[in-house]
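Given only the sequences and the hints, what does the whole structure look like? Please build it.
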Amino acid sequence: MTADEDKTALIRLFHVHRHFHAARALTDITLDFYRNEFLFVTGPSGAGKTTLLKLLYRGETASQGQILVDGMNLARIPTKQIHLLRRKFGIIFQDYKLIPNRTVYENVALVLEAAGRKPSYIRKKVNSVLRTVGMEGRHTALPPSLSGGEQQRVAVARAVVGDPTIILADEPTGSLDAESAALIINLLKTFHTRGATVIVATHDRELIRSIPGRIIYLQEGRLTSAPTV
Amino acid sequence: MLTMKLHLIRALQDMRGNRMLSLVTISTFALSILIVSAAMLFFVNMGDMMDGWRKGIRVMAYLQDGLNATDRSHLKVRMENLYGVQQAVFIPKDQALSRLRTQMGRQASILENLERNPLPDAFEIQMIATHQSWEKVEQLATAVENLEGVGEVEYGQRWIKRIINAFNLFQLTGTVMGVLFFMAAVFIVGNTVRLVLYSRRDEVEIMRLVGATERFILAPFYFQSLIQAALGGVLGLVTLYVMYILLQSRISADMNSSLFQLRFLSPATLLGIVGCGMLVGWLGCHLSVKQYVKV
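Protein chains in written order, with my numbering: chain A, 4 to 232; chain B, 1455 to 1749.
Keep in mind that the hints were calculated from the coordinates and are not lab data. Note that the structure is a prediction, hence the values are computed from the model and not measured. Among the hints, a few may not be true.
[Claimed, not checked] Using 20 Å as the maximum straight-line C-alpha spacing, the simulated EDC-like pairs for lysine to aspartate or glutamate come out as follows: (1) K128(A) / D98(A); (2) K100(A) / D1502(B); (3) K100(A) / D1656(B); (4) K127(A) / D166(A); (5) K100(A) / E1668(B); (6) K83(A) / E1668(B); (7) K91(A) / E1668(B); (8) K1459(B) / E109(A); (9) K10(A) / D35(A); (10) K128(A) / E153(A); (11) K83(A) / E1657(B); (12) K1459(B) / D35(A); (13) K1547(B) / E1608(B); (14) K57(A) / D98(A); (15) K121(A) / E153(A); (16) K1590(B) / E1606(B); (17) K100(A) / D1468(B); (18) K192(A) / E182(A); (19) K91(A) / E1659(B); (20) K83(A) / E1659(B); (21) K1615(B) / D1502(B); (22) K1547(B) / E1566(B); (23) K57(A) / D1656(B); (24) K1744(B) / E1668(B); (25) K57(A) / E1657(B); (26) K83(A) / D73(A); (27) K100(A) / E1657(B); (28) K192(A) / E209(A); (29) K57(A) / E1659(B); (30) K100(A) / E116(A); (31) K121(A) / E109(A).
Pasting the structure below:
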């Protein structure tokens, strides 16, 4: 745990289970995530890392148990208010999930447009974030014309532009070369130091070693240990 | 206001991005509007023609022989007291013969050899404008026929009744066709929106993940449908107008222009048609979106 961390729990999971018919993706997960901590969720493929992340932003719902995010009980949020939960998160995916027929600028601006921000604010903020991720010269480029590393930087920009409380990254360096991966790691560190809680699901040991943070181990959907590094 | 502008811009961008689908939708709207409005144009003009004929309907009451001036005077009062009668004008048999001569023109010479005037005295009964429906004319004729001193009653020709009946049948068919086109248009628009939604389900999913509300995601689809419906409506009506102009001179030449004047749909009707088209667009979109959101 770093010196800046706040020891109050931002996310709490109580005996959370997630199963798909007979298959158990997660079993009896009880876990706290603290404000401003940098946390890795690791384990082999199929261990339930992505499912755990999806449960946090209600991309999936728990089959059993309770999840609290910043005081919101996810089981009780009406469908019409899920967007309020999602705005607390900035999500980075391994496959970037950028809208291919929209420009870099439009992809990033979408978050602020959806939140009803003013055009002048959007312009200023998007330009600033694109500068931070090193994409300032590529505003009008379409995602398919970008390299994997560039696309992931745009995805990071989109994740942070709304100043989210929590940044979720699912295998953020999984499809990238070493150089691009290092750049993404540095960006995650930057936004962590600016106050965001960062949760990264990865089995990339290099990434885990590069940033001091708590590590959660998952094995066949179970929490095997949660040591403090 | 700002959000509306944003939705409108996104709707236009989406239409540009899905040109082919948009063109198909606009063409479908244009065709549906063209067919429905062409039927309306036909009914409006046929209606005018029918009205002209209806206004020409007179009930003629031919009198029995031997009625004196007092009897005729009483009969006139009784006729004018009947429901729906504006006035009863007495036409003496001599005047009737004189009219017949005028109408026959050169052939009037055959009347020269008549020993006596074969035409009876008559009353021409004019009806109040609001009582000129066929049923009311028939009712009045029966009532007049039952009056003492009236020999025979004549009103219009059977063919007018037949045409009016055929027109009513056309109107019914037209209404049914209109409803069918309405349903077909809703179905086609719904399917187009559904296709667009499915082709962009990844984009919709991404929007949901970044915290966009359903309203924010789906509003452009509504705008898109409204714009397409309005464009299709205007295109259909412009096509109809061009066809009307091309046909007008031909129809006018074939028909007696003093009897019947061809006219185009009124601006209010045109606006109403475009408005209905937009309603169809909205409804088609709404049904698809509702289904999509459930999925």
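The hints, checked one at a time:
{"no.": "1", "hint": "K128(A) / D98(A)", "in the structure": "violated, 24 Å"}
{"no.": "2", "hint": "K100(A) / D1502(B)", "in the structure": "violated, 62 Å"}
{"no.": "3", "hint": "K100(A) / D1656(B)", "in the structure": "holds, 8 Å"}
{"no.": "4", "hint": "K127(A) / D166(A)", "in the structure": "holds, 14 Å"}
{"no.": "5", "hint": "K100(A) / E1668(B)", "in the structure": "holds, 19 Å"}
{"no.": "6", "hint": "K83(A) / E1668(B)", "in the structure": "holds, 8 Å"}
{"no.": "7", "hint": "K91(A) / E1668(B)", "in the structure": "holds, 17 Å"}
{"no.": "8", "hint": "K1459(B) / E109(A)", "in the structure": "holds, 16 Å"}
{"no.": "9", "hint": "K10(A) / D35(A)", "in the structure": "holds, 10 Å"}
{"no.": "10", "hint": "K128(A) / E153(A)", "in the structure": "holds, 19 Å"}
{"no.": "11", "hint": "K83(A) / E1657(B)", "in the structure": "holds, 19 Å"}
{"no.": "12", "hint": "K1459(B) / D35(A)", "in the structure": "violated, 43 Å"}
{"no.": "13", "hint": "K1547(B) / E1608(B)", "in the structure": "holds, 16 Å"}
{"no.": "14", "hint": "K57(A) / D98(A)", "in the structure": "holds, 15 Å"}
{"no.": "15", "hint": "K121(A) / E153(A)", "in the structure": "violated, 27 Å"}
{"no.": "16", "hint": "K1590(B) / E1606(B)", "in the structure": "holds, 18 Å"}
{"no.": "17", "hint": "K100(A) / D1468(B)", "in the structure": "holds, 19 Å"}
{"no.": "18", "hint": "K192(A) / E182(A)", "in the structure": "holds, 16 Å"}
{"no.": "19", "hint": "K91(A) / E1659(B)", "in the structure": "holds, 17 Å"}
{"no.": "20", "hint": "K83(A) / E1659(B)", "in the structure": "holds, 15 Å"}
{"no.": "21", "hint": "K1615(B) / D1502(B)", "in the structure": "holds, 15 Å"}
{"no.": "22", "hint": "K1547(B) / E1566(B)", "in the structure": "holds, 16 Å"}
{"no.": "23", "hint": "K57(A) / D1656(B)", "in the structure": "holds, 16 Å"}
{"no.": "24", "hint": "K1744(B) / E1668(B)", "in the structure": "holds, 11 Å"}
{"no.": "25", "hint": "K57(A) / E1657(B)", "in the structure": "holds, 18 Å"}
{"no.": "26", "hint": "K83(A) / D73(A)", "in the structure": "holds, 18 Å"}
{"no.": "27", "hint": "K100(A) / E1657(B)", "in the structure": "holds, 8 Å"}
{"no.": "28", "hint": "K192(A) / E209(A)", "in the structure": "holds, 14 Å"}
{"no.": "29", "hint": "K57(A) / E1659(B)", "in the structure": "holds, 13 Å"}
{"no.": "30", "hint": "K100(A) / E116(A)", "in the structure": "holds, 18 Å"}
{"no.": "31", "hint": "K121(A) / E109(A)", "in the structure": "holds, 14 Å"}
Violation of the numbered hints given earlier is confined to hints 1, 2, 12 and 15; the remaining hints are satisfied by the structure.
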